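**Student:** Residue strings, one per chain:
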Amino acid sequence: MNKVAIISTGHSRFGKRQDKTIRELAFEAVKPCLEGVGLTQKDIDATVVGVAGDMFAQQGSPAACIVDHVGLNPQPAYRVEAACATGSASIRSAYGLVSSGMHDMVMVIGAEKMNNVTSAKATELMAMAGDSKWEYPFGVSFPGFYALFATRHMHEFGTTKEQLGMVAVKNHHYGSLNPLAHIQKEVPLEEAVKAVPIASPLGLYDCSLISDGAAAVIMTNEERAKQFEDPVWITGIAAASEPMLISRRQTLTGLPSATLASQNAYKMAGIEMKDVDVACVHDCFTIAEIMAYEDLGFCKKGEGGKFIEEQQSYIGGKMPVNVDGGLKAKGHPLGATGVSMACEMVKQLRGEAGKRQVPGAEIGLTHNVGQSGQYVNVHIYRR
Amino acid sequence: MKTFGYVSFLNQTEEVERLLEGLEQGKLVTSKCSKCGEVYLPPRSDCAACISSQMVYEEISPQATLYTYTIIHFAPESMVKMQPYIVAVGEFSNGARVLAHLHTTPSKLKVGMPIKLTKQELEGDRMTYKFVG
Chain W
7 MNKVAIISTG
17 HSRFGKRQDK
27 TIRELAFEAV
37 KPCLEGVGLT
47 QKDIDATVVG
57 VAGDMFAQQG
67 SPAACIVDHV
77 GLNPQPAYRV
87 EAACATGSAS
97 IRSAYGLVSS
107 GMHDMVMVIG
117 AEKMNNVTSA
127 KATELMAMAG
137 DSKWEYPFGV
147 SFPGFYALFA
157 TRHMHEFGTT
167 KEQLGMVAVK
177 NHHYGSLNPL
187 AHIQKEVPLE
197 EAVKAVPIAS
207 PLGLYDCSLI
217 SDGAAAVIMT
227 NEERAKQFED
237 PVWITGIAAA
247 SEPMLISRRQ
257 TLTGLPSATL
267 ASQNAYKMAG
277 IEMKDVDVAC
287 VHDCFTIAEI
297 MAYEDLGFCK
307 KGEGGKFIEE
317 QQSYIGGKMP
327 VNVDGGLKAK
337 GHPLGATGVS
347 MACEMVKQLR
357 GEAGKRQVPG
367 AEIGLTHNVG
377 QSGQYVNVHI
387 YRR
Chain C
12 MKTFGYVSFL
22 NQTEEVERLL
32 EGLEQGKLVT
42 SKCSKCGEVY
52 LPPRSDCAAC
62 ISSQMVYEEI
72 SPQATLYTYT
82 IIHFAPESMV
92 KMQPYIVAVG
102 EFSNGARVLA
112 HLHTTPSKLK
122 VGMPIKLTKQ
132 ELEGDRMTYK
142 FVG
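As given, the protein sequences belong to chains W and C, one line each in that order. To convert, take the position in the first sequence, counting from 1, and add 6; that gives the working numbering. To convert, take the position in the second sequence, counting from 1, and add 11; that gives the working numbering.
If you're looking for bench data, these hints aren't it; they were derived computationally from the structure. Quick caveat, the model's predicted, so the values are computed rather than measured. Mixed in with the good hints there might be a few duds.
What the hints assert, rightly or not - Dumping the calculated BS3-like pairs for lysine-lysine here, alpha-carbon to alpha-carbon at most 27 Å:
1) W/K9 to W/K26
2) W/K167 to C/K121
3) W/K307 to C/K121
4) W/K139 to W/K167
5) W/K139 to C/K46
6) W/K280 to W/K307
Just need the whole structure built from these sequences, with the hints factored in.
**Tutor:** Take a look at the structure:
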C-alpha cells in the first residue's frame, strides 16, 4: 500500500446553524481546505462524502447535492454512512482509494444538518438506528443505550456521577478555547452533576450536542504530498464492529471492538499506546469517554473514572483527550465528527492549536464510534 | 395475530409470531440452530454462526436477573406519551439477555435483583413483553 497523508483541512463553525443548509455548511469547510494549499476543484480526483442521516438534512442522497454545490463535478463521488462514525469511515474509504493507487488526490467532506428537526424528532431519528425489530419498539433513545453502559460500569467498578460530570467539565473547558465550538463556555461540576435527567444516570451535561456543521480534508499519496508543506501522515488505520443488539454484547462496560481496533492501529503504526501524545475520542456521552480511556489502554479496565478524577486527560496529564472540546462541547454533527477529529490532529501535530495546543505533540490518535459500538475506527496520525 | 411492540414499522416475520404465540401461553421461546446449537433470544430465523436457517423453538424459564437499566426521561417522539419509563436488560440462566421495559417501584431498582419476563397486552391489538420485579 502507498503511504497516505492529509495535506489540508477545512472546518465550519459548529452550532445551531439556521443560517445554512447542509450544502452551504459543506462549502464553509471545502473553501479553506482548497484555498489553504492553493488548489482548485480541478486538482481533486474524487470525493467521498460522509453524511449519517438524510432524514436530518431532509435531502435524499445528500452527497450529490454537496458535491455539486462545491463544484466537484464531474469527478467521481459517493457517500459513506456508518452512523456517528461516518466521518472516520469516509477517511478510511478515501485511504483505500489513495493507498491502492486508484486516485491521487481525494477530498473527504463530512457534514450534518441536525437542527432542521425538533429535539424530540432528532431523538426519534437516532432511536431508529437502534435495532428496528427488538430495540426501537421499546423507545430506547441514544442516551438510553449509553445509560445502560453507565449503570453497569458504575455497578462493576464504582464509577460515580461526579466522575461523569468531570468529563463534561474538562471538555467544556477546552471547548471554551475553540473558536469553532458549538458551546464556548465553562461548566461548573455542580451544574453538570445536577442537570436535568435525560436517561438516568445520564443528565443533560452527560450528552453531546445536536449540532450542524462540516469538516473537510484532502488526502494524497507520498509523491504528491511532498509538494506540500507539513503533510500529516496516517500511519495506522484500523476498524472493528460490535453486534447490533445491546443485549448480545460480550460486555456493557466497554467496547471490545475499540480495543481490537486500537491494538491493530498501534501495530500498523509500529507504536505503543504510550507513544501517543494527544487523542480525540468519541465522547458522545461522558461514560463513552471513560470507557474509551479503558478500551484504548490509556488506563486499566475499571479505572476510567479515576483517570478523569486525577485529571490525567487534561493537557499535562498522561494522555490529553478531546482538547478541542470533543463532541460534548465542540459539538457532534454526526457525519462531520470523524473528519473534524482528523482536522484537530493535523492542527495539533503542526503546532497550530493555539491555546489548546499539546506541547510538542508528534503522534495523535482518533477514536470515532458509530451507534453504540457497531462501528469503531481508530486512526493514528504522525507529522 | 397481534402486532409486536409499543411502536414498530416493520412487517412481522415468523420468529416474532412464534415468540408472541409463546407469550400468549405464558412461555418464553428461544430459537436454537439445529446445525450448530447457537441459541437466540429474542429468536432469529437465521443462524449468524453457521449460516443455517434450520431453527427449532425451545422454551426457557422467564426468570432473570437485572443486568443493567436506565430511566428514560426524554423519549423518542413516538414514545413521548409514555415517559418516564424504565428500560432494562435482564440476564437469563442460559446467559442470554433481553432488553425490555421493567415495571417495578423505582426505589427497588438494583442491578442483580430478580425479575421475570411476562406478556403485556397493549391497545390497538398490539402486545409486547415486559420485565416485572
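**Student:** Decide, hint by hint, whether the structure agrees.
**Tutor:** Evaluated hints:
1. W/K9 to W/K26: violated, 36 Å
2. W/K167 to C/K121: holds, 16 Å
3. W/K307 to C/K121: Holds, at roughly 23 Å.
4. W/K139 to W/K167: Violated, because 32 Å separates the two Cα atoms, which is more than 27 Å.
5. W/K139 to C/K46: Given that 27 Å is the threshold and the Cα spacing comes to 24 Å, the pair holds.
6. W/K280 to W/K307: holds, 16 Å
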